[in-house]
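All residue numbers for the sequence shown refer to the numbering used here, where the first residue is 42 and numbers rise by one.
There may be inaccurate statements among the hints.
[Unchecked claim] 30 Å max Cα-Cα, derived DSS-like pairs, lysine-lysine:
| # | residue 1 | residue 2 |
| --- | --- | --- |
| 1 | Lys121 | Lys108 |
| 2 | Lys119 | Lys100 |
| 3 | Lys100 | Lys84 |
| 4 | Lys100 | Lys88 |
Don't read these hints as lab results, they were simulated from the structure.
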Amino acid sequence: MKTLFTAFAAIAFSVTSFANHLHSTDCPKDCAIKPTSVAPVAKSYDKKMTELQDVAENKSGMINYNKSMQAALSTINKQKHLDAIENIESENAYHQLMADMIQGLEEQKLADQIEDLSAAKRFENLMLSVFGENHS
Numbered sequence: 042m043k044t045l046f047t048a049f050a051a052i053a054f055s056v057t058s059f060a061n062h063l064h065s066t067d068c069p070k071d072c073a074i075k076p077t078s079v080a081p082v083a084k085s086y087d088k089k090m091t092e093l094q095d096v097a098e099n100k101s102g103m104i105n106y107n108k109s110m111q112a113a114l115s116t117i118n119k120q121k122h123l124d125a126i127e128n129i130e131s132e133n134a135y136h137q138l139m140a141d142m143i144q145g146l147e148e149q150k151l152a153d154q155i156e157d158l159s160a161a162k163r164f165e166n167l168m169l170s171v172f173g174e175n176h177s
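With the sequences and hints as input, model every part of the structure.
Here you go:
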């Protein structure tokens, strides 16, 4: 990583140096040598390196921030889906309980009806036997 920053700094320094020595078309061949021309003050190598490292740290911080936010959003979405699944499972369990309870009530109702019919049949047989014996 430091090699990459050093390479960037060297390129930046080279470009700056090259830009300082460019001439216009009306400048004589060796105008950079003339004492009247003064090259602009270039930033020092250490200052450029510090600036590049600051930029790299800022970019790295932004990347880490974006990764953290993405992870947080992913966790929130995952939890939201897990909660939705849990709600559906709870609702399903409730519906199953209600269905089982209604089925139990219907079975009990049917058993009661069968028992009532059986009791009515026994009562009818009893009445027939009682009246049948009296008439004979």
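So, going through the hints one by one against the coordinates:
1. Lys121 to Lys108: Between Lys121 and Lys108 the Cα gap is close to 20 Å, so the pair holds against 30 Å.
2. Lys119 to Lys100: Answer holds: Lys119 to Lys100 is near 28 Å, not above 30 Å.
3. Lys100 to Lys84: holds, 22 Å
4. Lys100 to Lys88: holds, 18 Å
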